[in-house]
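Can you build the whole structure from these sequences, using the hints too?
Sequential numbering from 566 applies to the sequence shown in our numbering.
Hints may be right or wrong, so weigh each one.
Said to hold, decoys possible - Computed list of lysine to aspartate or glutamate pairs in DMTMM-like fashion (alpha-carbon distance at most 25 Å, straight line):
| hint | residue 1 | residue 2 |
| --- | --- | --- |
| 1 | Lys743 | Asp585 |
| 2 | Lys589 | Asp664 |
| 3 | Lys743 | Asp622 |
FYI, nobody ran anything at the bench for these hints, they're computed from the structure. Since the model is a prediction, treat every value here as computed from it, not as a measurement.
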Amino acid sequence: MTHPHLRVETAGPVRTVTLDHPEKRNAQTPSLWSALAEEARSLPEDVRVVVIRGAGDAFSAGIDTAMFTPQGVPGEESVAQLAAGGPEAIQRGIAAYQDGFTAWGECPAVVVAEVHGYAIGAGFQLALAADLRVAALDAWFAMRETSLGLVPDLGGTGALVHLVGYARALEICATGRKVSAPEALSIGLVGSLAPAADLTETTGSLVEALLAAPAPALRALKPLLRSAVDADRGTQLGRERDAQTALLQAMLGGFGA
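Now the structure itself:
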């Protein structure tokens, strides 16, 4: 799927997905979420790392707020239209929206969010959908859904609680306050910081380090560690055994065993 506000570039094992609507600070819409889900699900097997970034002066300012107006966004289903369908239609709609975020955790490549400027609401949740986050010193994160009388519903709540803990996640979401890049690093929300001018280089260094790992091990590691978040001990130990068995068999097979 192509989208006018999504730019996709591939260089060997690295794919860069750029939100490309800088005049609106990369505001997001349902059609963009569908395109993101399709992109995550159709990654070629030889793509090992995906970098998600935003064009212009922000990662993403979140949902296009015109979605909440009577006129909506041309070509997009407005919030009013979604709600008019009743509870079941709302549930189906939100489930489809969530795919644009959750699909990145399910894809085999390691996903890195390169965040600069604002990451608000849906932008914050897209950063949370990545496996790793690198932020510029000018980055700001905020969940503003509660100020609209809503809650974050694009898959970000679980990741946020896991990264920063329940109490801090509640405070961040309930108040809608901005979290600076240095605070984000200190609470575990991002893994590394860089001056804005050096952000691309810092992300590139991380990508190089990821690509230095043998491809089969890296591909097995992502689902193994993601499953550890909520799996019980016995289940996780079994998954470790399964992953290691497959890797050892492939390794020994290469030696003619």
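Consistency of the hints with the structure:
With a C-alpha separation of about 23 Å, the suggested pairing of Lys743 with Asp585 holds against the 25 Å cut-off. The suggested pairing of Lys589 with Asp664 holds, with an alpha-carbon distance near 23 Å, which does not exceed 25 Å. This hinted pair checks out: Lys743 and Asp622 have alpha carbons roughly 17 Å apart, not beyond 25 Å.
When the structure is compared with the earlier hints, no violation turns up for any of them.
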